[in-house]
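Read off the chains here:
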Amino acid sequence: MTQRQFFVIIALLFALTMAMALYVWQLRRREWISQRVTVSAKAQHVAPPTSGAKEQVTIYVADDRAGTLRAQSVSVPLASARQPRAESVLRALINIYTSKNSPHPLAMGADIRNVFLVDPGLAVIDLNSPFVDGQVSGILPEELTVASMVETLAANIPGLTRVKILVDGKERSTLAGHIDLSGFFDVSQFAELTKEFSAT
Amino acid sequence: MHWSNFPASLRIWTIAGVLALLICFGVIWAQTVPPAPNQAPPTQTPASPAVVTPPRPAVMIDPAHGGSESGAVLSPVILEKDVNFAFARRLRQDLTSRGILSQLTREADVNLSTDDRAAKANAAHPLLYICLHASSEGGGATLFSAILPEAVNNNGPFIDWNTAQSASLAASRTVEQQLAGSLQRSGISARALMAPVQPLNSITAPALAIEISPTGADVSQLIAPEFQQKISVALANGIAGIIPALAQSSGAQH
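Top to bottom, those sequences are chains A and B. Under our numbering, think of the first position of the first sequence as 66, with each following residue one higher. Under our numbering, think of the first position of the second sequence as 61, with each following residue one higher.
Bear in mind the hints are in silico, worked out from the structure with no lab data behind them.
In silico contact screen, one side only, chain B against chain A (beta carbon under 8 Å); selected entries:
hint : residue
1    : 131
2    : 132
3    : 204
4    : 209
5    : 254
6    : 256
7    : 271
Glycine included, C-beta positions come from ideal geometry on N, C-alpha and C.
If we strip away everything but chain B, and leave its shape as in the complex, we get (with noise of 0.2 Å):
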């Protein structure tokens, strides 16, 4: 049988297949002979890590609930998960702009445990941890450091999980405290109290849960551009002021 006599379509598809083939040759030919002796040697030093460690983030931003967990229903259309994660990506922002870098423990609606996100957390090293949180009760913004269960002897290598908290108490509340005089200074009601909130407990770093809610009775608000650009802002300049101060004092520490 002449190759000529073949019908047109299988002329082409045997073409192909041949064509397949050799690629397919070639390709394992390609990673399999090593190279000439005459080739330059890899750039790579020797000394080089062969994984690149991600930049430490200085603050790490926890948008609270997601996935099926929902938090809050502030109306039929607002739920509490979403306005955490739009504050919290506009607060990403805010920092960026300002160079300090920050990192999501969600970057997406997923389910997310508390003991999760503080192990996240602190896997990370931040030099601040905020969970974003926000309510229809409130009046602007609500900070809130850790209530302790009691104290707990932490000697040795490991430390208590539900009491982690404590060696970062100290700072968490004087951080508080100049958050909440930074968004006074831009015109937002804040307040700064305590709160028995997971996993505040469990953040080795100093840690705030914020509470944003609307100003009146309209909890619409809360997804206003507006309303969470000016908190952003506030919140973000508030960090840049006491960064150096917490670099420096992580930096005694370790």
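Here chain A stands alone, though its shape is the one from the complex (with noise of 0.2 Å):
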């Protein structure tokens, strides 16, 4: 082997090395923001349910930069039976989260599945993947989507003690990494913390 033909080798593996680096980058940065930005090719904004009469009722929404909670009141159309109307005060939650300029975004086409009421107190909220797939991770970011959620629900559903939460019908440990939800949501508990939340 000439010295020539060497550092034609070399010359062309440094360049393979080179455009491996660059396509490894752009991989990562590519599901980088695939992450932060879930769009499914399913996805439709989630529109509450047009039957039953509008009403005024109060929804708790987060905000990501104070870290606050705040009570708001907006109008909804809502059956009279306890279970849809759990369904359509969350979903007018998750209609700001997935809006634009949203002040705790979160992925278009997150949206609840079911919310089934059981007696005494209960509530399971079942929600989708996108819903958690777009959330933001860390402990207050998830924390601000689990308050905002149970205090909506305890706002609008009389009676309840107790909030799970499940994703595609099944079991998830975290949310988005931290908060953890294998229990039980605690009504009283959160009450108490948004209070916190809320005298920021």
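Fit chain to chain and form the complex, with the hints in mind.
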């Protein structure tokens, strides 16, 4: 092998390494962007059901930057039955989170699959996967999501004492790596927490 | 055949082999032959223990996540597990400089379940357990104490794993307020909250999770040495102030 051939091979290997590094960097960047903004192909804007008369309800809206939870009054078409009523108020909350310039952004397509009310005082919220895939990871942002849902339900469903969260109908250990979903959320403890969030 | 007729390389190898055998025999002999009767007895006293117990750490620092579990992807190049680990080492250094012994639950980028972390912390019997997290949202430092599920009757020698924190929860909340105050006095925005975060519920000592976050939208602040240093120094000062009370309380309990 001549010296010239040796240098040509080294140059080719170097160029190949650089190209691979660039490719890997682009792949990581693409993955990161897709994690931040999960736009599902099947994603549709969540809309509250049109049946039922419009009513003023109180929902608790999280604000990531301020780290707060604020009560907000919105007008939502509500059914008289408790279960569709629970779904409607939660959808009104998620509509705010998936809208443009949301104070607590969730990915487009984030939705609740079902809310089951089980006596005495238990609500089971079943979230879809775009909801958790687009959730900002961290104790505070995850807790704001859970607290806003628990408080919104508690404000509109009398007699609620505990809330359980499932994802795609299954148990999940955490929402996005931090807040523990394995147990039940005690409504009275979250009422205390909401006071702390609102006090800021 | 005469030795001088052997090739030179073969002679060298033969001599080396013989020397190696002699060394091996020497080592084996030295280990098997009993000491001479006139030799002095070993200086080790019979009462001294065979195993040296490591000193009890005052603070157990737990850098959350690790290994394949990266935690929050704060940017394409900043992973939460790396921020937590760097900050944990900095905090350990700042505590050591104040004479406070601390220990990390992980010394490398490895996977460790929350149960393993709790078991490790409980086995070390620290005065304080701190789990470190990082997030893009929050604006400073947020401290969290545990939210426990319904109380379980912990009579007898065994305590419920999911509510092991219950006996220390009041102390955890006191420490939380004091550390938040220490951070605020250093000009760092700090809040004291509660959260259902593992493994806080399973820790038998006062336990907190501390999440650091950038003051603005720029997450690269999380890896800036001066930002980490400011929070670490404030925390170390706060911890140094409460360790005597925790030691006293721990001594009274035992």
